[in-house]
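Colleague: Protein chains in written order, with the numbering used here: chain V, 1 to 281; chain G, 282 to 588.
FYI, nobody ran anything at the bench for these hints, they're computed from the structure. We treat Cβ as the ideally placed atom computed from N, Cα and C, and that holds for glycine. A couple of the hints might just be wrong.
Subject to a maximum C-alpha distance of 30 Å in a straight line, what follows is the list of computed BS3-like cross-link-like pairs (lysine-lysine) [unchecked claim]:
(1) LYS495(G) - LYS33(V)
(2) LYS309(G) - LYS357(G)
(3) LYS270(V) - LYS475(G)
(4) LYS208(V) - LYS475(G)
(5) LYS208(V) - LYS89(V)
(6) LYS475(G) - LYS170(V)
(7) LYS361(G) - LYS309(G)
(8) LYS89(V) - LYS270(V)
(9) LYS489(G) - LYS33(V)
(10) LYS495(G) - LYS475(G)
Not everything, but these chain G residues come out facing chain V in the computed CB check (under 10 Å) [what the hints assert, rightly or not]:
(11) VAL288
(12) VAL297
(13) ALA316
(14) ALA347
(15) LEU349
(16) MET399
(17) VAL403
(18) MET404
(19) ALA409
(20) VAL425
(21) ILE429
(22) VAL524
(23) VAL528
(24) LEU544
(25) GLY546
(26) ALA558
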Amino acid sequence: MMWVVGVLIFWVAAYGLNIWLSNSEWRNTRAVKFAVPAIFGITILVIWEGLVKGLQVPPVILPPPSMIAAKVVDSIPVLWGDLVQTFVKGALTGYIIGCSAAVITAILIDRSPFLQRGLLPVGNFIAALPIIGTAPILVMWFGFDWQSKAAVVVVMVFFPMLVNTVQGLKATDSMQRDLMRTYAGSYWQTLFKLRLPAAMPAIFNGLKIATTLALIGAIVAEFFGSPTRGMGFRISVEVGRLGLDMVWAEIFVAALAGSAFYGAVAMIEKGVTFWHPSQRR
Amino acid sequence: MRNFFPVITVVAAIMVIWYGASVWMNSKWVYDQAARAGTEVSFGELVKDTWSQERPVLPAPHQIVAELYKSTVEKKITSKRSLVFHGWITLSATLLGFIFGTGMGILLAIGIVHNRAMDMSVMPWAIASQTVPIIAIAPMIVVVMSTIGATDFLGKGAATALFGYQPAFMQGLLPKAVIAAYLSFFPVVVGMVKGLRSPDNMQLDLLKTYNASKSRTFWSLRLPSSTPYLFTSLKIGMAGALVGAIVSELSASPLRGLGARMLTGSYYGQTIQIWAALFAAAAMAATLVGIIGMIERYSLQRMGMAK
Chain V
1 MMWVVGVLIF WVAAYGLNIW LSNSEWRNTR AVKFAVPAIF GITILVIWEG
51 LVKGLQVPPV ILPPPSMIAA KVVDSIPVLW GDLVQTFVKG ALTGYIIGCS
101 AAVITAILID RSPFLQRGLL PVGNFIAALP IIGTAPILVM WFGFDWQSKA
151 AVVVVMVFFP MLVNTVQGLK ATDSMQRDLM RTYAGSYWQT LFKLRLPAAM
201 PAIFNGLKIA TTLALIGAIV AEFFGSPTRG MGFRISVEVG RLGLDMVWAE
251 IFVAALAGSA FYGAVAMIEK GVTFWHPSQR R
Chain G
282 MRNFFPVITV VAAIMVIWYG ASVWMNSKWV YDQAARAGTE VSFGELVKDT
332 WSQERPVLPA PHQIVAELYK STVEKKITSK RSLVFHGWIT LSATLLGFIF
382 GTGMGILLAI GIVHNRAMDM SVMPWAIASQ TVPIIAIAPM IVVVMSTIGA
432 TDFLGKGAAT ALFGYQPAFM QGLLPKAVIA AYLSFFPVVV GMVKGLRSPD
482 NMQLDLLKTY NASKSRTFWS LRLPSSTPYL FTSLKIGMAG ALVGAIVSEL
532 SASPLRGLGA RMLTGSYYGQ TIQIWAALFA AAAMAATLVG IIGMIERYSL
582 QRMGMAK
């Protein structure tokens, strides 16, 4: 009971603090903008911990955050091995192959409006399908190791990336292209000096969407078969053994890796598309 | 219609490549068989054989169509080998999850737009959640919910009292619907917050000069102008819900639904069955998103917002 009452008091206090902070005169400062969601997150963790302890929820249903944190610290080597297998070997390889293939395809079909008009609706259609379903097929073709995961990722990221790149290549207006023409710029000069740079905001939009898809593809593909390591493998095995603290630890690592991956791409975007209005402060 | 001819060409090209790849990828088995039997295979025989194997590496399109026909039209829809049966299981989980996920998402978005504390505390997490592979929790939710016994949409007793029997799709429906709801929830929150904020200051000021209340502003300005955003997020939410339902079927028991068909197919090397399930899932996704698109076009036209 003590835990539950304590949690309730903490919740009311944090809630009050957040309301006060977000209506105070400092509400537009950076510190408050960071503090309010942080307080919210901490409150959720405290409520979770308190309710699990206070209501004596068994850890096979919901382990408390402290237990998950201890598990993360305990099993860093295992988690690291899984991360390398799933993220670096599977997701990252597939991401690089898939995204570059899509950009190259977009440039290849750039000169043919006929192909573009044909491929874009098909690409848009395929991008809306549950492509994750190709995972069992690709696992059969490429074996259990990371190659099949990379293949799933390639298929998943290709079409969103292709559609975004083709759209980006259309981003220049005729004034700018005419200027290149008056400079006697060739097709390739115009492409590299004007159209590709102008396409970068759209390309990075695709790259950012693809980061999440890559991790999803690599993890779900492991549910269909994998060597004895990898995040998806660990999750399905530990779920079967009711080792939920390890499952949560893997999810924590997956969340961390996903955000870091997205953040890294967003940082590169900031450097490459510094000229775009959306990057201005 | 301008795109009709190019699209047909691209689809035809994909078909040609597919049939070619199917000859190439299935040829190893044919050559192995021939070598074992000590015979030679001509090219014609090779093509014929590779397009009609029972467990091909890559089935030819007509084999998938035949399997789809066999497992939808020729089987009774209550049979466990009918794709209609499995498709309905997946569809019910998708729709239930979609309704709950988008409903909660819209409610949260309304809260976020009207309450600054909520906006500042929840919104960063909602945005960050889009970079996280949420789907990884699917197996855990399935197992935890079956541990606490909350898997059926209506318990056996309640369902029997209502219908006289327990419909198959209700068994194990809840965990799948929860995951489907979870996957459609966050995109809808983010999209709807954008939509409810889309009226510009001029419009908001106009309503202020009318002395309109907050709820009047909401019903007459914010909600109508969020409609295009609503449909975009509904489409994303529907696709997410379907993926959630399929992935959660990999670990749910009893093994039913399109995801389960893929899993059992991959256990037993039934490649044609996997492809048929994949095509059924694709057709389902296209239909569901297409229906939302049709409602979108109709309502935007009626509201005078069509592009």
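Colleague: All the hints need checking, so say for each whether the structure fits it.
Modeller: Evaluated hints:
1. LYS495(G) - LYS33(V): holds (25 Å)
2. LYS309(G) - LYS357(G): Answer violated: LYS309(G) to LYS357(G) is near 37 Å, above 30 Å.
3. LYS270(V) - LYS475(G): holds (22 Å)
4. LYS208(V) - LYS475(G): Holds: LYS208(V) and LYS475(G) sit about 19 Å apart, inside 30 Å.
5. LYS208(V) - LYS89(V): holds (19 Å)
6. LYS475(G) - LYS170(V): Given pair LYS475(G), LYS170(V) holds - Cα atoms ~26 Å apart, limit 30 Å.
7. LYS361(G) - LYS309(G): violated (33 Å)
8. LYS89(V) - LYS270(V): holds (26 Å)
9. LYS489(G) - LYS33(V): Holds, at about 28 Å.
10. LYS495(G) - LYS475(G): holds (18 Å)
11. VAL288: Cβ of VAL288(G) sits 5 Å from chain V, so the hint holds.
12. VAL297: Check failed: Cβ of VAL297(G) comes no nearer than 14 Å to chain V, outside 10 Å.
13. ALA316: At 22 Å from the nearest chain V Cβ, ALA316(G) fails the 10 Å test, so the hint is violated.
14. ALA347: violated (18 Å)
15. LEU349: violated (14 Å)
16. MET399: holds (9 Å)
17. VAL403: holds (7 Å)
18. MET404: Given a least distance of 8 Å, the restraint on MET404(G) holds.
19. ALA409: With a minimum Cβ separation of about 6 Å from chain V (threshold 10 Å), the hint on ALA409(G) holds.
20. VAL425: holds (6 Å)
21. ILE429: Constraint on ILE429(G) satisfied, holds at 6 Å.
22. VAL524: Interface hint status for VAL524(G): holds (5 Å vs cutoff 10 Å).
23. VAL528: Status holds, d = 6 Å.
24. LEU544: The hint holds - LEU544(G) has a Cβ within 10 Å of chain V, the shortest such distance being about 7 Å.
25. GLY546: holds (7 Å)
26. ALA558: Holds: closest Cβ of chain V sits about 7 Å from ALA558(G), inside 10 Å.
The structure does not agree with the numbered hints 2, 7, 12, 13, 14 and 15 stated previously, though it agrees with the rest.
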